[in-house]
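Generate the whole structure from the sequences, applying the supplied hints.
As a plain string of letters, each chain reads:
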Amino acid sequence: MRIEVKRDLCIGASSCIAVAPGVYELDAEMKAILKDPKAADDATILESARACPTLAIYLYDDDGKQIFPVPTP
Amino acid sequence: MSTAVTPALQHKTARVLSIERVTPKILLIRFRMEDPTELPFRAGQFIQVLIAPRIMRQYSLTSAPSEKQDFLLCVDDSPVGEGSRYMDALKLGDVMPFRGPFGVFTVPETETRPVELVATGAGIAPIRSIILDRLPRTIVPLRLVFGNRSEEFLFFHEEFLELTQKFAHFTYVPTLSQPSDVWEGFRGRVTDILAHETNSIGHPFYLCGNAGMIDDMRKVLATKGVPEGDVHFEKFF
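First to last, the protein sequences are chains A and B.
Just so we're aligned, residue 1 is where the first sequence starts under my numbering, counting upward by one.
Just so we're aligned, residue 1001 is where the second sequence starts under my numbering, counting upward by one.
Keep in mind that a hint or two might mislead.
[Unchecked claim] A partial selection of chain B residues facing chain A, derived with a Cβ cut-off under 8 angstroms:
1. Phe1046
2. Gln1048
3. Ile1051
4. Phe1102
5. Glu1234
Derived from the structure by calculation, the hints contain no laboratory data.
Note that the Cβ used here is the ideal one computed from N, Cα and C, for glycine as well.
Quick look at the structure:
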């Protein structure tokens, strides 16, 4: 799974860090960045993305297909 | 290259108009916009209060978007953290810096299915905004299940009861986990009410409250067969 934090959407609410503290950290601009994408299992990473109040975390499977937020048809 | 800042990210200020303690845990603080003079937002969104350099706290807007110049915050000051200390110290006339509105915990205008709202404690904040916004504008049924510990911790109760009289499409289900002997409403947690229902499958759910409640509700709804895409939540950490 590939994780992408959309900087323009991130407001530094830190919900992702609360769910997966090893995966994310805040940078100097109070935006979430990846610390260690392997620090949590896929289910926890999906939870971290779902917890983001601005939906700033995008997840892609190994084929590059977006799996979260679920693309609208 | 443009250096324009997204409106939501621009710093704003509002002045404290009133402070009311409604339960041992909950403060209702009303603000009047200063700069700019109005705050357009969608019901269910939140603002980010600038407590100190590099310290921001999120608070859901509790009032209806139609108020524009004023807004209400519902603050649980029982967890004594930096956000609670900041809010407790606010006095009438103080100016609060913030940015926003932000958030996607909103009911789409196109939603025509009966909407299920579930809140505990201060989680009622965005839910109340959604209720006040939607009830006068749509006849789509709206049900609120509101959980608190006891009568002492119940708030907005009279207002919601009045709304049931005014709007036939609004159903209000207060439940208390540790009520007194005279409580005539539901007893138990919000999950206890929804676990035994089958008629709400197919409805969108909007949950707001502490992480434990959200996690428990999501399990209950998954067990009942409610699709994950119909479960929207705002979790307090």
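Exercise. Would the stated hint for Phe1102 of chain B survive a check requiring a Cβ distance to chain A of less than 8 angstroms?
Worked result: holds (5 angstroms)
Exercise. Going by Cβ atoms only, is Glu1234 of chain B closer than 8 angstroms to chain A?
Worked result: holds (6 angstroms)
For this session: Could you check if Phe1046 of chain B really has its C-beta closer than 8 angstroms to a C-beta on chain A?
Result: holds (7 angstroms)
Exercise. Per the CB criterion, is Ile1051 of chain B less than 8 angstroms away from chain A?
Worked result: Since chain A brings no Cβ nearer than about 12 angstroms to Ile1051 of chain B, farther than 8 angstroms, the hint is violated.
For this session: With chain A as the partner, please determine if Gln1048 of chain B meets the hint condition of a C-beta pair closer than 8 angstroms.
Result: The hint holds - Gln1048 of chain B has a Cβ within 8 angstroms of chain A, the shortest such distance being about 6 angstroms.
The earlier numbered hint that this structure contradicts is number 3, and it is the only one.
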